[in-house]
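A.B. asks: Here the protein sequences come in this chain order: A and B.
Mapping of the first sequence onto numbering that gives the first Met the number 0: residues 0 to 306, in sequence order.
Mapping of the second sequence onto numbering that gives the first Met the number 0: residues 0 to 335, in sequence order.
Where hints are given, some of them may not hold.
Going by beta-carbon spacing under 7 angstroms, a handful of chain A positions derived as facing chain B [claimed, not checked]: (1) A202; (2) F203; (3) G204; (4) S283.
Simulated from the structure, these hints should not be mistaken for lab results.
Here a beta-carbon is modelled for each residue, glycine too, at the ideal position from N, C-alpha and C.
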Amino acid sequence: MTFGEKRFHKKLDKIRRLEEEGVLAKKKKGSRALSKFMSNKMAMLGLVIFTIIFLACIFAPLLTSYRPEVVDLTNLMKPPSKDHIFGTDKVGRDLFARVLYGGRVSILVAGGGALGGALIGVLVGSFAGYRGGWLDKITMRLSEVFMSFPQLILVLVMVTIMGQSTRNIIIIFVITGWSGIYRQARAAMLSIREEEYVQALHAFGLNDMLICFKHMLPNALSPIIVNITINIAAFILEEASLSFLGLGVPMEVATWGNILNASQDMYTLQNAWWIWLPVGVVISLFVMSINFVGDGVRDTTDSSIQG
Amino acid sequence: MSEKRNPILTLRNMQVHFPVKGKKAVVKAVDGIDLVVYEGETLGLVGESGCGKTTLGKATLQLIRPTGGEAIFEFADGPQDLRKMSNKELDKARKEMQIVFQDPQSSLNPSFTIFQSMSDPLKKFGVKSKEERRKIVGDLLEEVNMQREYMDRYPTEFSGGQRQRIGIARALLINPRLIVCDEAVSALDVSIQAQVLNLLNKLKEERGLTYIFISHDLSVIEYISDRVAVMYLGKIMEIADADALYQEAMHPYTKALLSAIPVADIDHHKKRILLEGDVPSPMNMPSGCRFHTRCSQCQQICKEKVPEMKTYTIGGREHMVACHFSDEAYRNMEQQ
Chain A
0 MTFGEKRFHK
10 KLDKIRRLEE
20 EGVLAKKKKG
30 SRALSKFMSN
40 KMAMLGLVIF
50 TIIFLACIFA
60 PLLTSYRPEV
70 VDLTNLMKPP
80 SKDHIFGTDK
90 VGRDLFARVL
100 YGGRVSILVA
110 GGGALGGALI
120 GVLVGSFAGY
130 RGGWLDKITM
140 RLSEVFMSFP
150 QLILVLVMVT
160 IMGQSTRNII
170 IIFVITGWSG
180 IYRQARAAML
190 SIREEEYVQA
200 LHAFGLNDML
210 ICFKHMLPNA
220 LSPIIVNITI
230 NIAAFILEEA
240 SLSFLGLGVP
250 MEVATWGNIL
260 NASQDMYTLQ
270 NAWWIWLPVG
280 VVISLFVMSI
290 NFVGDGVRDT
300 TDSSIQG
Chain B
0 MSEKRNPILT
10 LRNMQVHFPV
20 KGKKAVVKAV
30 DGIDLVVYEG
40 ETLGLVGESG
50 CGKTTLGKAT
60 LQLIRPTGGE
70 AIFEFADGPQ
80 DLRKMSNKEL
90 DKARKEMQIV
100 FQDPQSSLNP
110 SFTIFQSMSD
120 PLKKFGVKSK
130 EERRKIVGDL
140 LEEVNMQREY
150 MDRYPTEFSG
160 GQRQRIGIAR
170 ALLINPRLIV
180 CDEAVSALDV
190 SIQAQVLNLL
200 NKLKEERGLT
210 YIFISHDLSV
220 IEYISDRVAV
230 MYLGKIMEIA
240 DADALYQEAM
250 HPYTKALLSA
260 IPVADIDHHK
270 KRILLEGDVP
280 SPMNMPSGCR
290 FHTRCSQCQQ
300 ICKEKVPEMK
310 TYTIGGREHM
320 VACHFSDEAY
330 RNMEQQ
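Using the sequences provided together with the hints, build the complete structure.
C.D. replies: Set out below in structure tokens:
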């Protein structure tokens, strides 16, 4: 036996001893999902960036003494300086304050829209996919109606009826966004329903809700989570374009989209990079971090990947 | 098995028909099955793929509701027709009957630990405290030759044979009397098959279980079964004690099946009976005897008349065959 082999066997013996003593088994305590997530570096990086931006927006008043809507006509389009970290815009509003306060609205609209839509989509989709039959047929047609309806028209109608507000934008995002998630949840449940462990639960006669939402849903969730994060990212940008058309959040309210839209002219683009660059970077970072986190969460919920 | 036998399950003219979308046709997956399962026996159910074995197994448990016939289960308080029971009343039957599935990959929930996935059924059947549930699951795992600690592991951490044993443990969770093993060893390799079959036999002895063992593997069926039923296109062709069937099959279909078992002997030159063609579609059944399209002994009568199930007593044991020429086969046997 060579030296290397000896060492190898020694190591094996040690592992076996530990296993017999039950040390290794005990070490695995704690949530498997959590340890999986923690070991995913990209996801952790995403989580850190997300948390920083999120907390900065929430605690905006502590980070800046400026108000986002206060106009200062003595300081028009000033580049970044000690007083104004991100500079000021065309009417002299502090951009740092606007980015922070704008984040509040943008995150609320995009997050609320995506999560609200996901909640409806997942609940309806998984139960319809699980049960099938008339429930499935009705909800399927319903989702097709919502999908085929042009979003812009819907927004116009909503704005005329209920007026322009942040809340309406969220409602519109929920209404137009749920059907994608619904279809995904339904499709996943359709295939999971045929798995034998589900049949085994039927053989015990367990409650439908319990089988559907507790036992089956976790296995359908991973692609849905990715879709939700993509939705959040898309909604942030969509809110910007709706606001630009004057259909979204009122123009005077600071949002990431409104800040970007205000800089959409050649002069600003060429001469005042501080108006569009910082907010662009923040949007990109935020969207990217959400995607990383979503990817990480997907991996933790995917049981075929071991932690 | 000549002592007095109590039936535990009696199927009478059981039918499972599936409507075909867009057409007027029906798929007759199970088409009039009469079968008695006796307490404490292992009834093997063999047949080609697509002959309705699995559907019959699931219909017995009412996982698929049969469209016709009766399924009478002998409960402690007398026999009852499962088909007439509502979903809620069936809980009573679920305590008595369970199922072991074919595919060890999909028979366990991948995102739950073993204990988590077994916990809810136990809760439903009245085991409220968590300690008690953990004890039951642990005891069961030990009974299927696994460590108690495994209950906190996820299915991905087990091999196919281990998962299958966990599947068996799950079927035993609420102490059923009858277990349907649906191709329970087909997905395993041979050495593991033997291990699982021996485990099933051990459990049967210890707990006095009754099995309906569904398989397409004739050697497995011979090894584990007391009696064997041969199925073809949704109907039973022949039922007999396992050794009688393997020695003296009377139905041409059974003979053809048995001749296909490989024998590990170079000098063994058994005549193979080759079946021509494919199994006919269960949507469009052949007239008369449903085997006549492929039978080597097919006569005019086979195309016209459906053969009745006839019962013979050979050596004091029942042997049932559905073939127009079973009398001849019986006479031949007598002469030998």
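A.B. asks: Compare the structure with the hints numbered earlier in the document and write down the numbers of the violated ones, lowest to highest.
C.D. replies: 4
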